[in-house]
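Could you build all of it, start to finish, from the sequences and the hints given here?
Protein chains in written order, with this note's numbering: chain C, 1 to 114; chain S, 115 to 227.
Calculated from the structure, these hints are not laboratory results.
Where a beta carbon is used, it is the ideal one built from N, C-alpha and C, also for glycine.
What you were told as hints is all true, and nothing was included just to trick you.
Rough simulated footprint, nothing fancy, chain C against chain S, three-plus residues with beta-carbon under 8 Å:
1. 151–157
2. 162–172
3. 214–226
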Amino acid sequence: DQQVKQNSPSLSVQEGRISILNCDYTNSMFDYFLWYKKYPAEGPTFLISISSIKDKNEDGRFTVFLNKSAKHLSLHIVPSQPGDSAVYFCAASAQGSGNTPLVFGKGTRLSVIA
Amino acid sequence: EPEVTQTPSHQVTQMGQEVILRCVPISNHLYFYWYRQILGQKVEFLVSFYNNEISEKSEIFDDQFSVERPDGSNFTLKIRSTKLEDSAMYFCASSQHTYNEQFFGPGTRLTVL
Chain C
1 DQQVKQNSPS
11 LSVQEGRISI
21 LNCDYTNSMF
31 DYFLWYKKYP
41 AEGPTFLISI
51 SSIKDKNEDG
61 RFTVFLNKSA
71 KHLSLHIVPS
81 QPGDSAVYFC
91 AASAQGSGNT
101 PLVFGKGTRL
111 SVIA
Chain S
115 EPEVTQTPSH
125 QVTQMGQEVI
135 LRCVPISNHL
145 YFYWYRQILG
155 QKVEFLVSFY
165 NNEISEKSEI
175 FDDQFSVERP
185 DGSNFTLKIR
195 STKLEDSAMY
205 FCASSQHTYN
215 EQFFGPGTRL
225 TVL
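Structure (structure tokens):
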């Protein structure tokens with residue numbers, strides 16, 4: 001039962017262009033969403049989060065958009081840099097119900113080409 | 115910058131043996147978690163821990179697993195009798211509150227032969 005889905009296993013983008021990573025979820029109890037970046041042999045590194053009371057959150061080159069009606073969120077990276085090449089995981093939790101374990105998607109491998 | 119640390123980085127064990135994976139969460143964090151990632155699959159929640167007791171656990175976290183905070187800094191995951199399917203990366207995470215982002219350690223790669 002995939003409650004959090006990242007349907008694109010990989011994405012290639014030219015340096016300087018925008019990277020858009022997508023994530024869909026099925027559990028309507030999810031109210032907090034996070035994006036993590038993971039390099040090989042390292043743990044996931046927190047990037048940015050968004051609460052369900054918002055539809056956009058921005059931090060530098062990273063912006064997360066949330067569309068609650070579509071149960072969809074996306075991460076925009078602009079401009080993309082070679083150092084952004086990593087696996088990106090979308091995660092969700094249902095904090096309003098007191099249930100805070102993160103449910104992860106399978107990840108999207110981003111390759112930024114110089 | 116404070117970080118979550120984990121030891122060992124790689125553990126190889128024989129099936130049926132007990133293993134203990136160790137984690138030092140960020141010092142002012144109160145909530146602790148274990149996750150695992152089997153090769154090629156997604157990161158899966160195992161257990162959360164607060165105030166010296168388990169607050170949530172998944173179906174994966176059966177009687178073979180236990181967690182402990184033996185002192186003020188360490189947080190351990192014990193697998194009593196390892197199975198081949200326990201081979202995975204095990205990640206420890208911590209957060210200041212339940213509504214904060216969780217910070218992950220670098221992981222321990224467990225290989226069960």
